[in-house]
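Residue numbers (our numbering), protein chains in the order written: chain A, 110 to 217; chain B, 24 to 137.
Please note: incorrect hints may appear among the correct ones.
Within a straight-line C-alpha distance of at most 25 Å, the following computed SDA-like cross-link-like pairs (lysine to any residue) qualify [said to hold, decoys possible]:
id, chain 1, residue 1, chain 2, residue 2
1, A, 145, B, 114
2, A, 204, B, 133
3, B, 87, B, 109
4, B, 87, B, 110
None of these hints come from the bench; they were simulated from the model.
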Amino acid sequence: GEDVEQSLFLSVREGDSSVINCTYTDSSSTYLYWYKQEPGAGLQLLTYIFSNMDMKQDQRLTVLLNKKDKHLSLRIADTQTGDSAIYFCAEMTYKYIFGTGTRLKVLA
Amino acid sequence: GAVVSQHPSWVICKSGTSVKIECRSLDFQATTMFWYRQFPKQSLMLMATSNEGSKATYEQGVEKDKFLINHASLTLSTLTVTSAHPEDSSFYICSAPPEGQPQHFGDGTRLSIL
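Work out the full structure, taking the sequences as your base and the hints as a guide.
Structure representation (structure tokens):
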């Protein structure tokens with residue numbers, strides 16, 4: 110199947126860490142991506158991970174990949190109000206399959 | 024970094040009108056571009072793959088006569104929504120992959136059909 114599932118909504122306080130989870134179904138995915146979408150805008154690539162890696166860190170962002178469980182997570186350290194947006198994971202097989210999106214709300 | 028530009032960002036028009044949306048890769052060439060549709064509070068749905076110099080490849084369930092795609096150059100793909108109706112109102116987003124890089128997305132076009 111081509112279902113990529115995410116929780117719909119997450120709310121955290123400013124300064125806390127946020128963890129956004131994603132489960133995918135296609136084990137042949139080569140790359141997995143995290144995108145951010147602000148209201149009325151397109152998608153901004155945040156980070157991506159190759160399928161033979163299990164962790165990637167990029168400044169405040171940490172991506173964890175559990176290939177056995179087909180589980181991907183994005184951790185945002187020291188979450189700021191400007192991080193409020195919708196976050197999409199995506200897997201790349203022969204095309205992009207996007208997750209359902211997680212709306213992150215950061216409370217000041 | 025690589026930039027994908029979409030135009031217009033918002034268009035409102037009457038039912039029955041045809042609307043053209045442009046997607047440009049500003050600092051790289053793209054033999055392939057992708058068109059997505061996004062309904063409110065939903066994820067992106069791939070509509071079609073635009074191929075430079077050849078016909079677009081449409082996803083199942085997408086009407087190719089309704090959504091005309093032209094990829095006439097290595098930096099421009101256009102999506103024309105023909106005889107648009109209110110149910111075509113949506114957010115349309117294009118993307119293109121610079122060589123060896125992930126997809127870069129345009130800022131999207133909000134289409135509102137009255």
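Among all the numbered hints in the text so far, which are the ones the structure does not match?
Violated: none.
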